[in-house]
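2 protein chains.
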Amino acid sequence: MIRFFTKPQNISNGTILLSREDSEHIRSLRLRPGEFFVVCDENGNDYICKLEEQINTGGQNKNSVAQIIEKRVSNAEPSVKCTVYMAYSKGDRLDYAVQKSVELGATEIVLFASKRCVAVPSNIPKKTERLQRISLETAKQSGRGIVPMVSDGGGFKDILDIIKPDEASLCSTTTRAILFYEDESQIHLKDVLELNERSSPDISSYSIITGPEGGFDLSEIYLAKTKGFAIVSLGNRILRSETAPVVALSAIMYQTGNL
Amino acid sequence: MIRFFTKPQNISNGTILLSREDSEHIRSLRLRPGEFFVVCDENGNDYICKLEEQINTGGQNKNSVAQIIEKRVSNAEPSVKCTVYMAYSKGDRLDYAVQKSVELGATEIVLFASKRCVAVPSNIPKKTERLQRISLETAKQSGRGIVPMVSDGGGFKDILDIIKPDEASLCSTTTRAILFYEDESQIHLKDVLELNERSSPDISSYSIITGPEGGFDLSEIYLAKTKGFAIVSLGNRILRSETAPVVALSAIMYQTGNL
Chain A
1 MIRFFTKPQN ISNGTILLSR EDSEHIRSLR LRPGEFFVVC DENGNDYICK
51 LEEQINTGGQ NKNSVAQIIE KRVSNAEPSV KCTVYMAYSK GDRLDYAVQK
101 SVELGATEIV LFASKRCVAV PSNIPKKTER LQRISLETAK QSGRGIVPMV
151 SDGGGFKDIL DIIKPDEASL CSTTTRAILF YEDESQIHLK DVLELNERSS
201 PDISSYSIIT GPEGGFDLSE IYLAKTKGFA IVSLGNRILR SETAPVVALS
251 AIMYQTGNL
Chain B
1 MIRFFTKPQN ISNGTILLSR EDSEHIRSLR LRPGEFFVVC DENGNDYICK
51 LEEQINTGGQ NKNSVAQIIE KRVSNAEPSV KCTVYMAYSK GDRLDYAVQK
101 SVELGATEIV LFASKRCVAV PSNIPKKTER LQRISLETAK QSGRGIVPMV
151 SDGGGFKDIL DIIKPDEASL CSTTTRAILF YEDESQIHLK DVLELNERSS
201 PDISSYSIIT GPEGGFDLSE IYLAKTKGFA IVSLGNRILR SETAPVVALS
251 AIMYQTGNL
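Just so you know, the sequences run in chain order A and B.
Heads up: the first sequence begins at 1 in my numbering, then just goes up one per residue.
Heads up: the second sequence begins at 1 in my numbering, then just goes up one per residue.
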């Protein structure tokens with residue numbers, strides 16, 4: 001069923017007032033009054049709705065009104081919250097990485113610049129805005145219960161500080177902050193995730209960090225290690241920068257029973 | 001290190017005669033005699049080589065000759081052989097799915113037409129040739145020990161016959177042929193793979209089947225079931241047709257210790 005997102009404040013008295021953009025979309029889809037679709041409140045609730053007449057909200061603008069038939073908790077949200085920190089990379093690689101991360105159930109996506117980044121955008125707000133739109137469209141298509149936020153985290157050192165210290169493994173037996181490094185050959189993701197499952201089965205969030213085309217600089221790896229981040233391999237094949245977050249998310253969702 | 005592939009017959013007396021295409025590439029890269037690169041024999045062997053002078057092989061054509069310094073077994077090939085059967089789909093979705101499947105270690109890729117395919121190419125040989133080139137380029141970049149073959153398997157019924165019956169689960173406790181279906185909600189990949197690991201730890205190959213944008217037709221699911229194929233979910237989020245094989249391969253490589 002076609003899916004839209006709305007803010008909770010647009011839901012009242014058993015009806016939902018859709019945005020002008022979504023109302024435009026409904027017209028372009030030739031949906032008629034009486035037809036059904038889903039509206040999600042971005043908090044994990046799905047509302048099965050029936051289209052009512054469009055109402056005039058001033059000028060040429062018409063907003064569609066949806067009558068709520070049934071409220072359901074979205075079953076699409078994974079039990080584990082994954083925040084993906086991905087380095088800026090070239091061309092449409094980030095578009096792809098964001099789209100696939102949202103499909104796979106990422107909670108949030110944070111972009112950052114690192115030493116070997118070859119393509120930090122000159123206009124970062126414009127870039128994140130574009131990627132936020134991709135997140136919204138993908139959330140609709142994949143049936144998500146939220147729209148993952150896409151934001152800029154600054155530089156590599158900044159994101160190491162953003163990620164809460166207790167997410168790193170220095171002071172605990174669990175590793176919730178994992179940095180993937182192409183030159184790491186000893187520590188594998190399966191070992192880390194299975195150890196976490198045994199040592200703290202109630203683990204509910206992961207932060208994963210993936211690098212740019214050029215990979216991480218050794219000084220960045222040292223810094224992450226001193227801060228207690230797990231430096232982990234994604235196998236013996238060289239993965240492209242946009243592939244790594246998708247593979248890491250797939251593995252975490254698989255291990256935590258969300259695939 | 002830069003990587004090329006060659007046929008075993010081009011390797012003799014400690015030297016390798018590179019193809020004209022690769023020799024062109026070497027010239028475009030400005031590689032000089034004495035510089036090092038890797039040549040793989042497509043059988044999982046890597047040869048660390050030193051560039052010698054180029055020799056004239058008639059007309060304007062010059063082929064590069066590589067002196068073998070060291071032979072190593074490629075460590076990039078996974079311990080499990082995965083053949084990916086993917087339905088034809090629109091635009092560049094297959095390009096993407098093939099590239100990512102090769103990065104993740106797929107052994108072979110077979111394309112097929114199913115009932116809801118919206119885009120079966122009019123010129124299939126041209127399409128598979130293009131995808132084979134993508135496979136070669138990706139195999140070079142990701143450091144593979146083979147170049148996965150891309151071929152056309154015909155229709156859905158044809159590929160069910162191509163896949164050996166003993167790969168299906170009807171007559172055994174192991175499931176090596178897995179079809180991913182968006183409407184399946186009970187059987188999860190983790191259950192299947194973990195059961196296989198317990199019941200036959202020596203399992204060495206999987207066949208995975210993913211559908212087109214429109215998904216599989218119910219009649220196709222019934223047919224696969226009667227032939228003993230496992231019909232398996234990839235989670236509660238709707239994955240795009242090009243995403244499903246990547247997620248399935250990631251999970252299998254993860255579970256089998258190849259990530």
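Check the hints yourself; a few may be wrong.
Claimed, not checked - Within a straight-line C-alpha distance of at most 27 Å, the following computed BS3-like cross-link-like pairs (lysine-lysine) qualify: (1) LYS81/A / LYS190/B; (2) LYS90/A / LYS71/B; (3) LYS50/B / LYS190/B; (4) LYS190/A / LYS81/B; (5) LYS62/A / LYS157/A; (6) LYS225/B / LYS127/B; (7) LYS140/A / LYS115/B; (8) LYS71/A / LYS127/A; (9) LYS115/B / LYS227/B; (10) LYS50/A / LYS127/A; (11) LYS71/B / LYS140/A; (12) LYS190/B / LYS190/A; (13) LYS81/B / LYS71/B; (14) LYS190/A / LYS140/A; (15) LYS127/B / LYS115/A; (16) LYS90/A / LYS81/B; (17) LYS126/B / LYS7/B; (18) LYS164/A / LYS81/A; (19) LYS62/A / LYS90/A; (20) LYS81/A / LYS190/A; (21) LYS127/B / LYS115/B; (22) LYS81/A / LYS127/A.
Stated by the list, open to error - Where chain B lies over chain A, by a calculated footprint (3+ residues, C-beta under 8 Å): (23) 45-53; (24) 117-131; (25) 230-236.
Just so you know, these hints were derived from the structure itself, not from any lab.
We put the CB at the ideal spot given by N, CA and C, even for glycine.
Against the structure, the hints:
1. This hinted pair checks out: LYS81/A and LYS190/B have alpha carbons roughly 19 Å apart, not beyond 27 Å.
2. A hinted pair counts as satisfied when its Cα atoms are at most 27 Å apart, and LYS90/A with LYS71/B does not qualify at roughly 35 Å.
3. A hinted pair counts as satisfied when its Cα atoms are at most 27 Å apart, and LYS50/B with LYS190/B does not qualify at roughly 45 Å.
4. For the suggested pair LYS190/A and LYS81/B, the alpha carbons sit about 19 Å apart, so the restraint of at most 27 Å is met.
5. Among the hinted pairs, LYS62/A with LYS157/A is inconsistent with the structure: their alpha-carbon atoms are about 47 Å apart, more than 27 Å.
6. For the hint linking LYS225/B to LYS127/B, the alpha-carbon distance of about 30 Å lies beyond 27 Å, and the restraint is violated.
7. Only pairs whose Cα atoms come within 27 Å are accepted, and LYS140/A paired with LYS115/B is accepted, the gap being roughly 25 Å.
8. Distance check on the hinted pair: LYS71/A and LYS127/A sit about 35 Å apart at the alpha-carbon level, beyond 27 Å; violated.
9. At roughly 18 Å between alpha-carbon atoms, LYS115/B and LYS227/B fall within 27 Å of each other, so this suggested pair holds.
10. Note on LYS50/A and LYS127/A: the hinted pairing is violated, with a Cα-Cα distance of about 35 Å set against a maximum of 27 Å.
11. Between LYS71/B and LYS140/A the alpha-carbon distance is near 51 Å, which puts this suggested pair outside the 27 Å criterion.
12. Using a Cα cut-off of 27 Å, the hinted pair LYS190/B and LYS190/A holds, with the two alpha carbons roughly 13 Å apart.
13. Between LYS81/B and LYS71/B, the direct Cα distance comes to roughly 23 Å. Compliance with the 27 Å bound is thereby established for this hinted pair.
14. Pair hint LYS190/A plus LYS140/A does not hold up; C-alpha atoms about 31 Å apart against a cutoff of 27 Å.
15. Straight-line distance between C-alpha atoms of LYS127/B and LYS115/A comes to about 39 Å, which puts the hinted pair past the 27 Å bound.
16. For the suggested pair LYS90/A and LYS81/B, the alpha carbons sit about 32 Å apart, so the restraint of at most 27 Å is broken.
17. Between LYS126/B and LYS7/B the alpha-carbon distance is near 23 Å, which keeps this suggested pair within the 27 Å criterion.
18. Of the pairs offered as hints, the one joining LYS164/A and LYS81/A holds, with about 14 Å between alpha carbons and a cut-off of 27 Å not exceeded.
19. For the hint linking LYS62/A to LYS90/A, the alpha-carbon distance of about 40 Å lies beyond 27 Å, and the restraint is violated.
20. Our distance criterion of 27 Å between C-alpha atoms is met by LYS81/A and LYS190/A, whose separation comes to about 18 Å.
21. A C-alpha spacing of about 19 Å is found between LYS127/B and LYS115/B, which places the hinted pair at or below 27 Å, so the restraint holds.
22. Proximity of LYS81/A to LYS127/A is assessed by CA-CA distance (about 24 Å); at most 27 Å being required, the pair is judged to hold.
23. Only residues whose C-beta sits within less than 8 Å of a C-beta in chain B count toward coverage, and the segment 45-53 of chain A has 0 of them, not enough to reach three; the restraint is violated.
24. Here's how the segment 117-131 of chain A fares: 0 of its residues keep a CB closer than 8 Å to some CB of chain B, so the rule of at least three is not met and the hint is violated.
25. With a cut-off of 8 Å between beta carbons, the segment 230-236 of chain A has 4 residues touching chain B; three or more are needed, and the interface restraint holds.
The structure is inconsistent with the numbered hints 2, 3, 5, 6, 8, 10, 11, 14, 15, 16, 19, 23 and 24, although it conforms to all the rest.
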